[in-house]
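Number of protein chains: 2
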Amino acid sequence: MLDALFKPRAVAIVGASTKELSIGNVIIKNLQTYGYRGRIYPINPTAPDVRGLKAYKTLDEIPGEVDVAHIIIPAKLVPQAIEDCGRKGVKAVVINSAGFSEMGEEGARLQEAFLANARKHGVRVFGPNCQGIINTDPALKAYCNFTFTYPEPGSVSVVALSGGVGALIMQGLFDLGVGMRMYASNGNACDVSIPEILRYWGDDPGCKAIVLYTEGFSDPKEFLETAREVTARKPILAMKAGRTEQGAKAASSHTGSLAGVDIATELIFEKTGILSFQDEEEMVRAAMAFATQPIPAGNRVGIITNTGGPAVIATDVLVAAGLEVPALSETSIARLKATQLPQAALGNPVDVVATAGGDQFRAAVDALQEEEGVDSIFINFVTAPFTDTHEVARQIVAASRNGNKPVVCNFMTDLTQERYRVTMGILKEGGIPFYATPTAAARALAALARYGRLRKRDIGRPETFPGTDAAKARSIVDRARKAGRSVLSAAEVYPILEAYGIPVAGWKVVQSAAEAVAAAGSIGYPVVVKVDSEAIDHKSDRGGVAVNLKDAAAVRSAVEEMQARLGAFGSLRFFVQKFLPGGRELILGARAERELGHLVMFGLGGIYVEVLKDVVFKIAPVTGVEAREMLASIKTRALLDGVRGGKGVDKEGIASLIQRLSRLLTDLPMIREMDVNPVLAFEHAVIAVDGRIRI
Amino acid sequence: MLDALFKPRAVAIVGASTKELSIGNVIIKNLQTYGYRGRIYPINPTAPDVRGLKAYKTLDEIPGEVDVAHIIIPAKLVPQAIEDCGRKGVKAVVINSAGFSEMGEEGARLQEAFLANARKHGVRVFGPNCQGIINTDPALKAYCNFTFTYPEPGSVSVVALSGGVGALIMQGLFDLGVGMRMYASNGNACDVSIPEILRYWGDDPGCKAIVLYTEGFSDPKEFLETAREVTARKPILAMKAGRTEQGAKAASSHTGSLAGVDIATELIFEKTGILSFQDEEEMVRAAMAFATQPIPAGNRVGIITNTGGPAVIATDVLVAAGLEVPALSETSIARLKATQLPQAALGNPVDVVATAGGDQFRAAVDALQEEEGVDSIFINFVTAPFTDTHEVARQIVAASRNGNKPVVCNFMTDLTQERYRVTMGILKEGGIPFYATPTAAARALAALARYGRLRKRDIGRPETFPGTDAAKARSIVDRARKAGRSVLSAAEVYPILEAYGIPVAGWKVVQSAAEAVAAAGSIGYPVVVKVDSEAIDHKSDRGGVAVNLKDAAAVRSAVEEMQARLGAFGSLRFFVQKFLPGGRELILGARAERELGHLVMFGLGGIYVEVLKDVVFKIAPVTGVEAREMLASIKTRALLDGVRGGKGVDKEGIASLIQRLSRLLTDLPMIREMDVNPVLAFEHAVIAVDGRIRI
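Chains as they are written, first to last, in this note's numbering: chain R, -14 to 680; chain B, -14 to 680.
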């Protein structure tokens, strides 16, 4: 589908310019400089040639076919230009011009207008307000883009809505000597979307890993589904900016996207197995490791170092990232003893000391390759000027090939000196990812290991729960909707929960003290009585709630007192419910996210949610694995296991409740917000005590 | 004092070697290559010359005076070499050789032996197991060091115990084009210490900022006092590694230092106003900003950008670091409107758009220089190939000098292209700190702002509390000590607390039920009765605690029951104390840290400390400002203000209690550990309920 765009045989430039400092000139220059193998057709109404190429007055005049046309003319002229492209049979346009949906209503109308023309002729639109694409394939070398980095061919593809960040990532890879496969920065993304590009690259055998920058998604559901397919085949490294409210505000202004402070993007990354980053530099450095190294089988790292302090820093960073730096086996220690200098420290880190040469490095890497207790190898290599650093590099390269563990190197040197550039070249040619600081190198290795964990994680499928009565739940919601009500009463919420097998505290709605006593008798004491009226806010403050009523007399007098106190609100109904003392107070909830479905929330209730904001979210449908992850990821999870001699609570029951709630939400997409709060968790039971649904 | 070491007029190399790949050769090569202005004397028993310099068989043969002698010979020969240096009148030795305290007992003995010789002759020792020093002063150019980076002269000085990390920092500054003043990496630091070096640099007018790497301190108190003096004059940027248990283990092996997982180093940094980092690269980048930029007056940042996405990232990072990106004034907006391109977005960030030239950048920086609502300026500058990037850089430089706000630039470009290297040169010559990513640049600016806050922070002096009875407290402790007891009883702890004006719940120790009833009567009901015997562990489990006793009968029967139940332990005493229902449970504590004094701990008691580990520490003496910082920095601080309709507690009372505890610890340094747990905080009172002291 996107072949015409990413593998164009001929490119026209509508708005080609003879002025050097102009986009219409730079794009042609880039195609020329980068060595584009196809044909370049400048379109210019007056100039006979542009940058030495024959110029055409209109697209019509071009003798051959055109796959891609760059559009670099004022916004108001774009709809006609697209019409012309359609007539010419141009397959895809890259609209570099700005002035569309990112500039308010008038721009949005122009965008609609050119899109209509494009659709009429089947022209695919990339952009507008965008940079363009690059395909580094040596057989093509298509640089349809106005930026300045000329990437080496490689296996990492980069996509970013923002051209600025896309260029930053591309330059970052280039600076690290990491080759790139394809590049796309699609600005307003009015037609060719990021999911479509991801799918295309998912099928590209030349692409080994994808780096993505985003500020939010226009169609999160489509993204989620596509990303899930693609991550099953290759890693996606991604960063989402606009994480803070101020950042989101800045984001919304520059691409006309509807970015907002959302937690959904991170949740989408998590659900689809995308490796998420919060630092663009860290992401690019990780990509360098992904480009050449295998994924480690586990978290255990062996460190080899020829200098002390950087090994301490690396250990700190690795351990803080959840990796381990375990003790080495007796066998490895013995091997090292036989091969290292007498001053070497034979632990983990293995300190081969600064005077170590190639032999010592070789033997150390070999030992760790064969050490069963480590899954990856971290090397600190400072180019001590009294050693043969070339030989050290050669031995690191050779030994790294002599096994299947990833090797990452912190290479500390001065690259302004020719001698050390040669050493660097040996590492680079040898495919060793290297970084200039231990922290940077350790984070890159940590990213590989994090991806290893992600890849192993199988969230499974959502469970189905036999015995649920979806029809009943739906009928209750439909009835409320028909009655024009958006908030459901407790007496409606409870049957819905029960229809999904969510245990609720026994309850009954009654009209009189006598009925209340009868209801309490059948529910069993103690009970709670609450006045049940939408007209009465702040029921507790108004004396509309009585808890822990232990006998009939207490129920009767509670109801009578409420009738006396609140009679002014008209004839009252009362909600009688089992009172459950003790129990750990939980809070569950959900809200519908634009275009994505529901986010399900879980946390501990009361002060834990109020003071600590200790809640976690997942995107519905929530699987069993995900539900258990929710329990394990709150800060106060220890409270679920019992502290200070207290008993733990029924965690499997909570996980089941979360999944049943998720199923309920999937079946009832019209629910906009839902709280089940509190839920009381006991040692062998989990019981919902109150609920609220907004449709 | 350290002039001879850092400004040597002549350097001898004991262990000079003709072998290129050896330390004894490299040090001479470095002195030569770097252009050392003093005399170089190789000492070699056989070679007539080394690297073209006349070699001497012994130090004695050297015709002139020697300020510094490098020692690069096997460890066991070092004591004699130091003796020889002493006789020659060498002022300081840099012992590059390893094999001393870092290698176990035998090495430690050798270290003691050469130190004795050094002291005898008044020779200062730098190292052993160290790299050396560098002084970039163009009049001297002393490179007494075996590493490979040749720094430009500048105003940042670098000190690191670890040569590997020292070199890393030096190289990092060099890569960024930041000049260095002096460098010191002192390895085992057996004589010349980091505090001494800091004090020396504190007095060095050529040093504008100090960068420090450490893995712990052998004399934390000396460090604390020195750092406090130096930070009053110039910024110290510091990083402490060995933060994780594994990292600390790695640290302890390589310099023979007694590093451990300590929180004390971070607390020392905090107390002395040292700017702390956890990423060496971030620290070096911050140093670049400190080298040229003023400290911002506040947290408000104005952002200028010629590309969207990087401004979003910068905003995220700045806001997450506690900075603000506020709206601009009407005046600034009007100025921008008059000067910017029509497509520009005139908010904060100011998006001057990719086609902006020097005029637009100039006008934008000028506007922010005069905008009263911002304290610093952040610039994203991507070298759009269709603009005059040199002119943009020139205007950024000119405008940045046109005001007194710090300017930090994210400069996104390809430095392999000559054109952009020229642009970079303009920024560099103009003293604009620039970085390759928005995150890196934003963090550097955030470091400047963080330092601005540190500099303004005055923790004040510890308060004195009139009416404290230090003598009484000391006499109780002395009595226990004389009796050979290390754990003080409640009956001893309470009077000590009272002697420092720490309110304690009314209490009395009694021997019988009748006495207990009388005591309860005078204390006032309700009361708690506890059996008071060191012989009885787990008093509650054994029925030795009765709470909330409301009258004489209850007290009598409680005591009688305990006598019956626990009589086997011998004649019993009972602790009768006021029972205080409600109140927020706090925990205070302290422990003595090796060589530093006490760390004082504060947190919320019960599950907050158990589950959330929500406690904070300060080094005693704790001032009023610091005590209030402790209250403000626990995660559950909202609980002190009251939640869910609950009342807040007496925060000033807590702060006073913390300070009184701190004073108590200062007066009683023999206390090794102390708990005041629980302390109950009420709306208008804070009362200690139990305490424990270990001496």
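Treat the hints loosely; a few may be bogus.
Each pair may be met inside one copy or between any two copies, as identical chains are not told apart.
Within a straight-line C-alpha distance of at most 27 Å, the following computed BS3-like cross-link-like pairs (lysine-lysine) qualify [to be verified]:
#: 1; residue 1: Lys467; residue 2: Lys598
#: 2; residue 1: Lys636; residue 2: Lys620
#: 3; residue 1: Lys322; residue 2: Lys61
#: 4; residue 1: Lys524; residue 2: Lys457
#: 5; residue 1: Lys219; residue 2: Lys524
#: 6; residue 1: Lys322; residue 2: Lys234
#: 7; residue 1: Lys524; residue 2: Lys632
#: 8; residue 1: Lys256; residue 2: Lys206
#: 9; residue 1: Lys193; residue 2: Lys14
I should point out that these hints are in silico values taken from the structure, not numbers from a laboratory.
The hints, checked one at a time:
Taking the closest pair of Cα atoms, Lys467 and Lys598 never come within 27 Å of each other, the shortest separation being 36 Å inside a single copy and 51 Å across copies. In this homomeric assembly, Lys636 and Lys620 come within 27 Å of each other (Cα to Cα) both inside a single copy, at 15 Å, and across copies, at 26 Å. Taking CA atoms no more than 27 Å apart as the test, Lys322 paired with Lys61 passes between copies only; the shortest distance there is 23 Å, against 75 Å inside one copy. For the identical chains of this complex, Lys524 and Lys457 are neighbours neither inside a copy (29 Å) nor across copies (57 Å), given an alpha-carbon limit of 27 Å.
In this assembly of identical chains, the alpha carbons of Lys219 and Lys524 never lie at most 27 Å apart, being 55 Å within a copy and 61 Å across copies at closest. Taking CA atoms no more than 27 Å apart as the test, Lys322 paired with Lys234 passes between copies only; the shortest distance there is 20 Å, against 59 Å inside one copy. Taking the shortest Cα distances, Lys524 and Lys632 sit within 27 Å of each other only across copies (21 Å), while inside one copy they are farther apart (32 Å). When the C-alpha separation of Lys256 and Lys206 is checked against a cutoff of 27 Å, the pair qualifies only within one copy, where the shortest distance is 12 Å, while the shortest distance between copies is 50 Å.
Taking CA atoms no more than 27 Å apart as the test, Lys193 paired with Lys14 passes in neither setting, with 29 Å inside one copy and 46 Å between copies.
The structure fails to meet hints 1, 4, 5 and 9 from the earlier list, while all remaining hints are met.
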